[in-house]
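Residues per chain, in single letters:
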Amino acid sequence: MPRFILPLLLALIGLILFGQGAYIHAKALIAQVLLERAFEKTIATGRETKPWSWADTWPVARIEVKRLGARAIVLAGSSGQALAFGPGHVEQTPDAGERGIAVYSAHRDTHFAFLKNVIVGDEIDVTRRDGRTFRYRVDTTSVVRFDASGIDPLAGGHELVLSTCWPFDALTQGPERYLVHATMIGPVSNTH
Amino acid sequence: MTTCDDIEADKRNEQPSLVRLVLFFVMQGVAVILVGFAALFLSFEPVWSAESLQSNFLKPGDARAGSLLLKIDEGYADASRLGIDVDLTVSGPTVRARITQIFRNPSKDWVEAVYVYPLPAGGAVDTLKVVIGDRVVIGDIKERQQAKTIYEQAKQNGQKAALTEQERPNIFTNSVANIGPGETVLVQIEYQEPVQQSGDTFSLRVPMVVAPRYNPAPVVQSVDFKPGGGWGAIKSDPVPDRDRISPEVLDPATNAPVNPTRITVRLQAGFPLGEIKSPHHAIKTEKPDANTSIVRLAEGPVPADRDFELTWKPVAETAPSVGLFRERVGDSDYLLAFVTPPSVEQAQQNPLPREVIFVIDNSGSMGGVSIVQAKASLIYALGRLQPNDRFNVIRFDHTMDLLFPSAVPADSEHIGRATAFVGALQANGGTEMVPAMRAALSDKAGDTNYVRQVVFLTDGAIGNEQQLFETISALRGRSRIFMVGIGSAPNTYLMTRAAELGRGTFTHIGSVEQVEERMRGLFAKLENPAVTNLVAKFSDASADMTPAAIPDVYRDEPLVLAAKLDKLAGSIEIKGRIGDRPWIITLPLADAAEGKGLSKLWARCKIADAEVARTTRQATPEDADKAILALALEHQLVTRLTSLVAVDKTPSRPQGEPLKVSELPINLPAGWDFEKVFGERPRTPAMPMERRADTEEARVQIAALKRAQPVATTAPSTVTLPRTATDAELKMIAGVILITFSLIVLVFNRRQMSLR
Chain A
1 MPRFILPLLL ALIGLILFGQ GAYIHAKALI AQVLLERAFE KTIATGRETK
51 PWSWADTWPV ARIEVKRLGA RAIVLAGSSG QALAFGPGHV EQTPDAGERG
101 IAVYSAHRDT HFAFLKNVIV GDEIDVTRRD GRTFRYRVDT TSVVRFDASG
151 IDPLAGGHEL VLSTCWPFDA LTQGPERYLV HATMIGPVSN TH
Chain B
1 MTTCDDIEAD KRNEQPSLVR LVLFFVMQGV AVILVGFAAL FLSFEPVWSA
51 ESLQSNFLKP GDARAGSLLL KIDEGYADAS RLGIDVDLTV SGPTVRARIT
101 QIFRNPSKDW VEAVYVYPLP AGGAVDTLKV VIGDRVVIGD IKERQQAKTI
151 YEQAKQNGQK AALTEQERPN IFTNSVANIG PGETVLVQIE YQEPVQQSGD
201 TFSLRVPMVV APRYNPAPVV QSVDFKPGGG WGAIKSDPVP DRDRISPEVL
251 DPATNAPVNP TRITVRLQAG FPLGEIKSPH HAIKTEKPDA NTSIVRLAEG
301 PVPADRDFEL TWKPVAETAP SVGLFRERVG DSDYLLAFVT PPSVEQAQQN
351 PLPREVIFVI DNSGSMGGVS IVQAKASLIY ALGRLQPNDR FNVIRFDHTM
401 DLLFPSAVPA DSEHIGRATA FVGALQANGG TEMVPAMRAA LSDKAGDTNY
451 VRQVVFLTDG AIGNEQQLFE TISALRGRSR IFMVGIGSAP NTYLMTRAAE
501 LGRGTFTHIG SVEQVEERMR GLFAKLENPA VTNLVAKFSD ASADMTPAAI
551 PDVYRDEPLV LAAKLDKLAG SIEIKGRIGD RPWIITLPLA DAAEGKGLSK
601 LWARCKIADA EVARTTRQAT PEDADKAILA LALEHQLVTR LTSLVAVDKT
651 PSRPQGEPLK VSELPINLPA GWDFEKVFGE RPRTPAMPME RRADTEEARV
701 QIAALKRAQP VATTAPSTVT LPRTATDAEL KMIAGVILIT FSLIVLVFNR
751 RQMSLR
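Going down the list, the protein sequences come from chains A and B. Sequential numbering from 1 applies to the first sequence in the numbering used here. Sequential numbering from 1 applies to the second sequence in the numbering used here.
The shape of chain B in the complex, shown without the other chains (with noise of 0.2 Å):
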């Protein structure tokens, strides 16, 4: 109304302005209607994509263009399909594991079955069965090459077989041979590992699946970007082993779950339990009695695609803060103890301010939540430095930038920085650790005033383990490493030796909600005093001791110590100190209680620590390789240097009958961006496979049951086209729709305020 007042007010400008509204009027309706359809095109989009992705169910699994799909070519046809069963035994301070994976082959060909997966990185993985129809074949540990002749000739043959392997501490390999058309094989492992400790809680972890793991190249393909290469350049591949560690991942958005898992925990912690909680699955709990609890998914089985992670704690305040078990096998005793040193509180006069190292990973593995929860915990440490710390920020794909030139002062602009630095990041790209820890372990300034920290936040997928540890081990200098291991299923043998050889600790945080409890952890322990000059002393006993030198315990961690016994007598004596005060505690080794399967976990501590040994070059290679043979057949355990095999005495595949190969696939980690590590969903062409949902076979289908099943329509001899459309037009379009748009908005609102 104004409007027209001052109109017929400015009787001068009136026929050009009316002009002018007019036109403005015609415009803005021409963006509307623009806009409008933009917007429809871009609802549209979802019922076009999702189009796409029904008829990428015809043609799945070509994640990696590579391998699987020209066997397939050639004949070879990925049907086979695994159910997997977890069934926990927790008695007191360890856990017994039994793992039985279901190999189902539903085609018409005789397979093997490939099947990577992850085990805890402390397992100690002793037992293989096979069970063929009503037999059971049990498995031996041989040397890792004779073991695969074995396998190998069996598979020849017609026998079946099975072979375990280790790829990493905690990556195995199952292969089974001559599964038969139809035929279901189970394949059962069992390994022993510690329960984990930490202030009053105890937890065990499973992991499930195998992340992707970012392979840096050969350094040989570079060498043309190096001036000066020469000789010093050339190096062997840094993931020898790539191939053995990648399995094929299915991206989730065209393909149902994959591998169904069930999981049974018995608890007997050896005291009354109090909360049990599962941060990443469903649980419901039984409880037979006070001391046991029996624990089970609530939903039935899920798909293989994230880590189960299960906590308990005591009912009484506090948890018992020593534990001492032992165990006879053959004429000596092993001991395990678990000691919680006191809480001291802080001296009185103030600690060393810290020099704290930030290093971010913002590769493309941590697409997904796991950026969102890697940005929150460093935003988090950053929040809680003191103002006389100081700190940098380190963030790395296969590019890498420090925030600041050197570490500078935690004031409030520096944070603030730091905060807004953070908060930009991107996850894209490869995974190169080694330059960041190196550039993260510099420490130029020396400054002996500051305590030196590095805190590492990654989900560790790389394969070029053996090279980060190398670095640690050399240039650590006066640094800790703090681990904090980010994602649905990170690299914990990764995180925990980097952090065994770092002497700091490894963290994880498993979900958003995790962040602010997992930091606050982690902050305890770096800002309060370690327990350090750690030394356990036998009275009496002569002992073979793991870890031979014990490393500094951070607050609310337990000192875990295994030990080989000639006779259980006298006493143990653990002295050390904590800050500035010193602590010692003794313990009656008569008072020790029976355990389980202690002798297998010294035997596995004690080939971490030759491993250990043989990247810091304490020991030959040789030396420590003959160590761990020794041990790992003695107590009969897998390692990289021995697996187990198990072959049946009966031939069961007809002399003639060809064997297929068949790779199992593998999901994706949840909360992974499939295309963040693989890059844009291939649009490939493929030959539909063996999708079909299998009735009789329940059990191994139910996770992919709950969506829908993929019918297979095409010939198999045509060649699908990949998509080759870009949005790009459109956002352009938009683009410059909204710019004109909001100009017309400008111009009017300006016109609008001369006029009044």
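So that you can see chain A by itself, here it is in the shape it has in the complex (with noise of 0.2 Å):
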């Protein structure tokens, strides 16, 4: 019997491991649904709506990608909390829309995944809180160091980078980002 209590024991583990791998998608899935539902409140009543009532961030833009029918809803600041449930968007950088570089971070294996499928040209559209929609066309794709990503959010032009971590099949966090550059084209009139 004995014989028996190792490999269960190590059956368990692999369970419990696999299950906090699986919740962390799970989180990720179901807050986007809760989000969406949010962010439709926010647009429709223009004010700040937390999607369940002890979070501590809501959300503030959608992010789509048409070609690749990808889309996710972006929360405020990018701690690592929010960035469970969705992208964030990182402080101290403008709105989508606005004067500078918007940047906005997801985890590679989750919300931002599709970002490995993304190529020059494709065009991203980013709908505000305020029901506003911009889009922008991928013009560069690039691999930095987080501490040294050369964005100046002040920056003239309007212009868009989403930021994952890379490289997207690594199995440990590491130091270095992969980054979609976008310059807008201008606001999409709003058709829903």
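Check each hint, because a few of them may be wrong.
Said to hold, decoys possible - Coverage of chain A stretches by chain B, computed from C-beta distances (three or more under 8 Å per stretch; other residues unrestricted):
#: 1; stretch: 10–20
#: 2; stretch: 90–97
#: 3; stretch: 108–118
#: 4; stretch: 141–149
#: 5; stretch: 162–176
Derived by calculation from the structure, the hints in this document are not laboratory data. Computed from a predicted structure; not experimentally measured. Built from N, CA and C at the ideal position, the CB exists for glycine as well.
Work from the hints to combine the two standalone chains into their complex.
Right under this line is the structure:
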């Protein structure tokens, strides 16, 4: 009998680890549904709406890449807590549609997994919480160190940067970040 | 070997089983290699995180994405640093504390420094001094609004000014305006506090850090979720002053501790001193003579991240059970009396069984060692219940669970379930204390054959204390509330006031080692009859006494009375009942010893009484405020309504030079889990701020020097990108590998068994 204990124990640890990993993904998926709802309400009411009552963040924008059918609701702030639920709007960078570089950041294995499929020329739509949508076109992608991004948020021009961890298939945290850089084409008249 | 024999014997199965065996070994080899790789990755992780931590030094202080960073962006720089010197003199029943805060401005700008700090809840702050160079400016007590105006005016004029305001009875703010470039300003406040006594142990406590509070969101924000909210649901913000009590907290993993503190205690207890201990700090003690001891921190300054506690005992076996002290101020005499009622053993007949409701706080602020202490305390308490008692367990964060729908008998099955429930608790989420208290006080059965006791374990890290007090005073009924404060920096104001309103006691547990000793003390109080129906009467003098109605006194606790007398004559007679026996004691006033600062203590107690009366609606808010203001102005005390303000007459900041605000960050209380309180560590961009070690002002920087100093390297005009990888896949892969591996082992085991 004791020879079964070790494998069972290992299986249990395995299950727990797997569960924890799955939980991170589940949280990311479910939160987006709640966030979508809260964001609709934000646009409708014009007030910050928390997706759940104890949340310490709120939806501020929606990023959409129509070609890939990818979309995600962006949260205010890029604390680790917020990033578990959705992409974060990096502090101290302007809103989409404003002068400067708006930076949004998300996990490479959940909300921004689609970034690896984004190619130069793709169109990215960002809807702000006031309901206005701006369209950007991807012009470059690059890999930088997190502390040497070279992004000056107050630079001239209307630009957008989506950032996630690089490389995409790595298992551990690294210092490198993958950036998708896009320049604004202009506002889009809302159809929905 | 046996396997080979078996194979040879079993010719028919030879071929496939050999293949399977080989296959098995190959797979096992692969699995081992994979596990090895996974382990390698896991062991690499600290290296990575160490790297990211190091780089994090460059962007400190974004604990709460918000105010401070914004200010920096507009040109505000947090560069001010602070050193704290605590000097305590214990003379008999009172502690006189002098706290010197050294504000230093190493930047090139004129700054206004704002520091939020805690003091004991019973402390009476009466003195503010500002030392600039060789000049000393002494503060005056003013009505709060007026003081603020004077301060703002001085700030505008470029004069140096300091303002001490009370945010809570145990949270104060010092603002110092116009600290010049490279300048150091000393701000000194003094307060008076009674010594705590429990059994034969005397103690004092200096809180050193304001623990981050959970401030419930205004109800207005959640109106949408409540059906039929309407008028009733719209309430004002439960924590109107949330900004004022939420200083920035530095993540201990990425910041060297700040605010180094030195502590000196001159102990003149009035009796020969026995054992002197400090449970949370290493101390060294000098004894110039038998009655005096000087206590210092053994390792020099410490970061202000945990409460300092000092306990002392008399040499004699038993502590003096009576203390009587007097002071003459103006034409009044003030009296302070400590009387410890004798501990009477339980009466012969069985005491009434008890119904104990345990409430445990498993919110995020309890993360780290606090939840361990809380769980250990509660499990100890469960073990102490008698079979004829009843109990229930409530746990809360921003949600709440009752273990049983109503109180259940404390039989082994129920205790077992409760122990398992408590053991599985994890600290997470917000702190919605009011609903939990309401549930604990709901006394549906109302069975008077049971004594109802609520044991509430929390760190009290909430900002809406007043709501909790109102709940207690409205719903307490016949329940008694025993607060158990957990962790290195509990909110003692909340604890003592809640225990007072709930007619129970406050027990503090500061470390895991203290759990058993302190819980034993608490159970002595719960299980033994309290001294009830207490009345004090002065034979000759007419007295204004506080507390006006003396609360019940539990085992080993002293009864503390303060009074203002018209003349010091005759005696005081205290009467009460211990269990079913009458108890009476008479103290002649002429024997009182000279004490210091008793008038301030009396006034402070009267002010606390007025605040309680305001909470319990025994006095109208206007009347209570009037009484508080009169007492505060007469006795020069900082209260909710009065502040101390000191203004240097000579202007120092040249006109036209801008003034910058610098909110000084505080440490996270020791043993707290940063991520549990503020979420995962933020990876936000930040401008490198002044974080260089300063060699000239070593006094202020000693604590900081204990850790490697960060060096700013990046240019300020670039965005630092947050960390955007989860360990989800790593965990899932490791999980799958482990499961596969265990399955292989299982299959192999079964095969071996079937082959045999």
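Exercise. Which earlier hints can't be squared with this structure?
Worked result: none
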